[in-house]
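J.: For reference, each letter of the sequence shown is one residue, going 30 to 140 in the working numbering.
Simulated from the structure, these hints should not be mistaken for lab results. This structure is a prediction, so every number in the text was calculated from the model and none was measured. Certain hints may be false.
[As the list claims (entries may be wrong)] Heads up, simulated EDC-like pairs for lysine to aspartate or glutamate below, C-alpha to C-alpha not over 20 Å straight-line: (1) 128 to 114; (2) 128 to 118; (3) 77 to 123; (4) 99 to 118; (5) 91 to 59; (6) 91 to 114; (7) 77 to 59.
[Claimed, not checked] Distance windows between CB atoms, simulated: (8) 41 to 114: 20 to 30 Å; (9) 114 to 65: 10 to 20 Å; (10) 37 to 70: 18 to 28 Å; (11) 94 to 37: 35 to 45 Å; (12) 41 to 94: 12 to 22 Å; (13) 37 to 71: 33 to 43 Å.
Here a beta-carbon is modelled for each residue, glycine too, at the ideal position from N, C-alpha and C.
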Amino acid sequence: MSGYRKTLFELAAIRERETRARGRQQGRYDHNGLSGIVSGSRLLDASKLTGEKLGNICFGKKWSNRTQVKLIRLARMIADLAGADQVPEEGIVETVRWKRQAAIGQQFHII
Numbered sequence: 030m031s032g033y034r035k036t037l038f039e040l041a042a043i044r045e046r047e048t049r050a051r052g053r054q055q056g057r058y059d060h061n062g063l064s065g066i067v068s069g070s071r072l073l074d075a076s077k078l079t080g081e082k083l084g085n086i087c088f089g090k091k092w093s094n095r096t097q098v099k100l101i102r103l104a105r106m107i108a109d110l111a112g113a114d115q116v117p118e119e120g121i122v123e124t125v126r127w128k129r130q131a132a133i134g135q136q137f138h139i140i
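Start from the sequences, fold in the hints, and give me the full structure.
T.: Right under this line is the structure:
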């Protein structure tokens with residue numbers, strides 16, 4: 030029974046962190062959306078990432094604009110869950126790592 034209670038406590042903590050992240054996103058976009066549905070240009074403006082920083086990460090890999098926007102959305106969500114106003118460099122690095130893992134999984138039909 031104690032494991033069950035611990036799980037409920039952990040779920041409540043996750044839910045609270047998610048609720049705070051959604052509140053941050055709604056405040057950022059004037060209650061007109063969340064990071065998952067706003068336009069790519071509005072998302073880029075709000076993320077405070079420079080084109081140079083993104084170019085250094087994505088240009089060499091020849092990733093499409095669509096892929097870059099997906100990376101920004103994920104990095105912005107990570108930052109919101111952490112309570113950060115800006116997307117840290119580590120957030121971009123983490124999303125790139127996830128992208129590589131997904132590509133490897135697709136290559137070997139793991140996913």
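J.: Compare the structure with each hint and give your call.
T.: Verification of the supplied hints:
1. 128 to 114: 23 Å, violated
2. 128 to 118: 16 Å, holds
3. 77 to 123: Satisfied, since the Cα-Cα distance of roughly 17 Å is no more than 20 Å.
4. 99 to 118: Between residue 99 and residue 118 the Cα gap is close to 16 Å, so the pair holds against 20 Å.
5. 91 to 59: Not OK: residue 91 and residue 59 at ~33 Å, beyond 20 Å, violated.
6. 91 to 114: Answer violated: residue 91 to residue 114 is near 28 Å, above 20 Å.
7. 77 to 59: 17 Å, holds
8. 41 to 114: 20 to 30 Å: Taking Cβ atoms as reference, residue 41 and residue 114 lie about 25 Å apart, which means the hint holds.
9. 114 to 65: 10 to 20 Å: 19 Å, holds
10. 37 to 70: 18 to 28 Å: 41 Å, violated
11. 94 to 37: 35 to 45 Å: 42 Å, holds
12. 41 to 94: 12 to 22 Å: 38 Å, violated
13. 37 to 71: 33 to 43 Å: Check passed, 37 Å falls within 33 to 43 Å.
Against the hints set out earlier in the document, violations occur for numbers 1, 5, 6, 10, 12.
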